[in-house]
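S.K.: Sequence:
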Amino acid sequence: MSTPHISSKKGDFAKTVLMPGDPLRSEFIAKTYLDDAVLVNDVRGVHGYTGYYKGKRVSVMASGMGQPAIGIYSYELYNFYDVENIIRVGSCGSFVPDLHVKDIVIAMGACTNGNFAAQYNLPGTFCPIADFDLVRRAVDECEKMGVNYKVGNIFSSDMFYNDAGTDMEWAKMGVLGVEMESAALYCNAARAGKKALCICTVSDSFVNPNEKATVEERQTAFTKMMEIALNLA
Numbered sequence: 003m004s005t006p007h008i009s010s011k012k013g014d015f016a017k018t019v020l021m022p023g024d025p026l027r028s029e030f031i032a033k034t035y036l037d038d039a040v041l042v043n044d045v046r047g048v049h050g051y052t053g054y055y056k057g058k059r060v061s062v063m064a065s066g067m068g069q070p071a072i073g074i075y076s077y078e079l080y081n082f083y084d085v086e087n088i089i090r091v092g093s094c095g096s097f098v099p100d101l102h103v104k105d106i107v108i109a110m111g112a113c114t115n116g117n118f119a120a121q122y123n124l125p126g127t128f129c130p131i132a133d134f135d136l137v138r139r140a141v142d143e144c145e146k147m148g149v150n151y152k153v154g155n156i157f158s159s160d161m162f163y164n165d166a167g168t169d170m171e172w173a174k175m176g177v178l179g180v181e182m183e184s185a186a187l188y189c190n191a192a193r194a195g196k197k198a199l200c201i202c203t204v205s206d207s208f209v210n211p212n213e214k215a216t217v218e219e220r221q222t223a224f225t226k227m228m229e230i231a232l233n234l235a
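Using this note's numbering, the first residue of the sequence shown is number 3, and each one after it goes up by one.
If you are wondering where the hints come from, they were derived from the structure by calculation, not from laboratory data. Computed from a prediction, not measured in an experiment: that's the story for all the values here. Glycine included, C-beta positions come from ideal geometry on N, C-alpha and C. Take the hints with a grain of salt, since some may be wrong.
Unchecked claim - Derived EDC-like pairs (lysine to aspartate or glutamate); straight-line CA-CA distance at most 16 Å:
#1 LYS11 x ASP37
#2 LYS226 x ASP142
#3 LYS104 x GLU229
As the list claims (entries may be wrong) - Simulated restraints on C-beta separations:
#4 ASP165 x LEU124: 24 to 34 Å
#5 GLY176 x GLY126: 14 to 24 Å
#6 GLY176 x TYR54: 33 to 43 Å
#7 VAL40 x ASN210: 33 to 43 Å
#8 LYS17 x GLU219: 23 to 33 Å
#9 ASN210 x ALA166: 15 to 25 Å
#10 ASN117 x LYS58: 22 to 32 Å
#11 THR127 x VAL40: 37 to 47 Å
#12 ARG46 x LYS12: 26 to 36 Å
#13 ASP37 x ASP100: 17 to 27 Å
#14 LYS56 x TYR163: 37 to 47 Å
#15 LEU124 x ASP44: 18 to 28 Å
#16 ARG46 x MET161: 19 to 29 Å
#17 ALA120 x GLY148: 40 to 50 Å
Hey, can you work out the whole structure from these sequences and the hints?
M.R.: This is the structure in structure tokens:
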């Protein structure tokens, strides 16, 4: 079988898929951590691999940038490839002074300025949240590794360049940081009756502007986040 965006056969993906935004990060995770990794998708250069981590079958595939992109790939994985769990491993900008570059954000909920949930015709505002069991286990992994982390709300923005400059308004509501994908992923998981979690590494800071990760660090240096997600799998 195949879908408009994934050329894999049924069964090519494991029940748990790690989903970075960057195809190069997907390739890095597969080649660094997975045994017997096989390329199972390369449509539009969106690399998907399946292999084994500590004897457990696991997949990793990129999502691209933004809610429409992860909305497509996570929908197809959940609904056509029998994937049960998707763990986004991405980067975010910090809204709080005590979250620094390479610290971890576990997104319990995802606020958004996007319109993804409008498709469900709900008579109100849907609150996209992560699976609690995955959240709890991710916290346990962070504690074991001794990494600095926070659990809370994240802001999934449809804009990287916000001309109005209003992103920090979300910080006043206790939101920890900003990225561009989690809300759509959580919506798709809820609709499909599946599980999802977003784990982000802080790549830059809105309150400490001198803190910024390089492009190479975004691809290859955020290893604690990758190891937390792999251990969940």
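S.K.: Keeping to a limit of 16 Å between CA atoms, is the pair of LYS104 and GLU229 held or broken?
M.R.: holds (13 Å)
S.K.: Indicate whether the distance between the beta carbons of ARG46 and MET161 respects the range 19 to 29 Å.
M.R.: The hint (19 to 29 Å, Cβ to Cβ) holds, given that ARG46 and MET161 are roughly 23 Å apart.
S.K.: Per the hint of 24 to 34 Å, is the separation of the Cβ atoms of ASP165 and LEU124 within bounds?
M.R.: holds (29 Å)
S.K.: Verify the CB-CB distance for LYS56 and TYR163 against the hinted window 37 to 47 Å.
M.R.: At roughly 41 Å between Cβ atoms, TYR163 and LYS56 fall inside 37 to 47 Å, so the hint holds.
S.K.: So does ASN210 sit 15 to 25 Å from ALA166, Cβ to Cβ?
M.R.: holds (22 Å)
S.K.: Between the beta carbons of VAL40 and ASN210, is the distance compatible with 33 to 43 Å?
M.R.: holds (41 Å)
S.K.: Check whether the Cα positions of LYS226 and ASP142 lie no farther apart than 16 Å.
M.R.: This hinted pair holds, its Cα atoms lying about 13 Å apart.
S.K.: How does the Cβ-Cβ distance of ARG46 and LYS12 compare with 26 to 36 Å: does it lie in that range?
M.R.: violated (20 Å)
S.K.: GLY176 and GLY126, beta-carbon distance inside 14 to 24 Å?
M.R.: For GLY126 against GLY176, whose Cβ atoms are near 21 Å apart, the range 14 to 24 Å holds.
S.K.: Could you check the hint for me, namely that LEU124 and ASP44 are 18 to 28 Å apart, CB to CB?
M.R.: violated (36 Å)
S.K.: If you check the beta carbons of ASP37 and ASP100, does the distance land in 17 to 27 Å?
M.R.: Given about 37 Å between the Cβ atoms, the range is violated.
S.K.: Within 22 to 32 Å: is that where the Cβ-Cβ distance between ASN117 and LYS58 falls?
M.R.: This hint is violated: roughly 37 Å between Cβ atoms.
The structure fails hints 1, 10, 12, 13 and 15 (numbered hints given earlier, in ascending order).
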